[in-house]
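Chains as they are written, first to last, in the UniProt record's numbering: chain A, 1 to 330; chain B, 1 to 131.
Since the hints were derived computationally from the structure, they do not count as laboratory data. Everything numeric in this text was worked out from a predicted model, so none of it was measured. Where hints are given, some of them may not hold.
What the hints assert, rightly or not - Rough simulated footprint, nothing fancy, chain B against chain A, three-plus residues with beta-carbon under 8 Å:
| # | segment |
| --- | --- |
| 1 | 277-284 |
| 2 | 292-302 |
| 3 | 307-320 |
Unchecked claim - Derived lysine-lysine pairs resembling DSSO-like cross-links, with alpha carbons at most 27 Å apart:
| # | chain 1 | residue 1 | chain 2 | residue 2 |
| --- | --- | --- | --- | --- |
| 4 | A | K83 | A | K144 |
| 5 | A | K320 | B | K64 |
| 6 | B | K65 | A | K320 |
To be verified - Pair by pair, the computed Cβ-Cβ distance ranges are:
| # | chain 1 | residue 1 | chain 2 | residue 2 | range |
| --- | --- | --- | --- | --- | --- |
| 7 | A | K320 | B | L86 | 15 to 25 Å |
| 8 | B | L66 | A | R210 | 55 to 65 Å |
| 9 | B | Q96 | A | K249 | 11 to 21 Å |
We put the CB at the ideal spot given by N, CA and C, even for glycine.
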Amino acid sequence: MGSVLALAGAGRQNWPFSSDTPHPQWDTPLPHWDTPPRWERRDGRLPNPGSFHALHHSCKDVFPQQIEGVKMIVNKTLSSFFKASHTFHLSAVSPSQYRFHVEHRQSDSHGKDTDSPVLIGEMDSSGSLNAHSLLHLSERIRAKAVFQTQQAQFMTWQFETEYRGNDFTAAVTMANPDVLRESVILVAHFLQSVCSGLVLGGELVYHRGRHEEGGILTLAGQYSGPNWVATLNAGKGGAHASYYHRANKQIQVGVEFEASTRTQETTASFGYQMELPEANMVFRGMVNSRCIIGGVLEKSLSPLPATLLMGAFVNHRGDKLQVGLGINVG
Amino acid sequence: MAGIEELSPAAGPVETRPPEGEIDEDEELDETILERLWGLTEMFPDTLRSAAEVTASGSVTVAKKLYSFSRAALWVGTTSFMILVLPVVFETERLQLEQQQLQQQRQILLGPNAGMSGGMPGLMPPAPVKM
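Required output: the full structure, derived from the provided sequences and hints.
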């Protein structure tokens, strides 16, 4: 659902054995917008529900991200606003590439109100560009523009405006407006905190081309307890339900169920995350109803500012394996 | 019919298998032992024979399926355990061993009273106060 808008936040939409590479940097939300967690209340009033794309994030963060080949990421923090990173990716299934990523984002956060825009740019060794820009037009209104090109051709150009009220969020997105081809995709999101822990909302997608037009309505609801969150999206395009549970300080568990009418298939997944800060490691594992299992181990090599990632994904039904190794420096 | 007539002289000595006279004759028919044993089953009624055949073939099929299923299940189980559980087990074991080693080192360094981390080093036994 909403595949064009996948790049707006949820880079994990591409499940194992797809050819697209996810962009982990897009997943981190701006800290002062999405904290504190939804089940905490401020001053007895209902908290702001956050953005629509972030509804399933707490569950999706538990699942391991597919890694393939050898990847080395060198992060450099140039100042409190500027960060640059170089990524070298050697891969067996797709051409190897070098990627340069730079962001202008205020990194010291939580209490401060940030008026500075967030600009993120990423350039590929084959010439593909990925650019995000986020502007705070006022304290409650923010505007976002996303451009994505594949070498010299523009794949996505998307503009979004979001208004955050006291206990609701409303957003309108226009994706790929094309005057010459008379095609556009408009998406409207609305989320309202109904009572403590319960958030209800909906998404309306309207797409129009030269020969066809159509609309899809999806309703969403999220109920959170002290250490769990249950979310449901249901509409004509399919259903997506997820449950996240924090068992204790070390173990988090997520269960996800996805059904799509477009591809006529359903998938159920179970994932867990285990953190052992004394051993400097985080392990994420996943089991799928498509007979895919995967595990990713992240170990921080403690005196050095480096993290080692090792992961493997096995598809038992097709007897395929994807192994990945990664090093993040800085 | 000629075989029946010949039975009477052969019936003098008590024999457990009266048709053996026929069998001596039937050696000319070149039956193997298996075929003879199979021929014995023809004495059972047809329903029993068909039921036994169905049961036997069914159990052979079940055994084959069970064998292949257990092979596949063992493989899937082992590789899934290897990928999902083993790294965590390795890391926790390593952590435990490291902590044990540290504890041992501390014991050697600070004397046997300093057992756990955070224990006060060098406790002297209380001297007798009463004089």
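Outcome of the hint check:
no., hint, in the structure
1, 277-284, "holds (count 4)"
2, 292-302, "holds (count 5)"
3, 307-320, "holds (count 4)"
4, A:K83 x A:K144, "holds (20 Å)"
5, A:K320 x B:K64, "holds (26 Å)"
6, B:K65 x A:K320, "holds (24 Å)"
7, A:K320 x B:L86: 15 to 25 Å, "holds (20 Å)"
8, B:L66 x A:R210: 55 to 65 Å, "holds (59 Å)"
9, B:Q96 x A:K249: 11 to 21 Å, "holds (18 Å)"
Of the numbered hints listed earlier, not one is contradicted by the structure.
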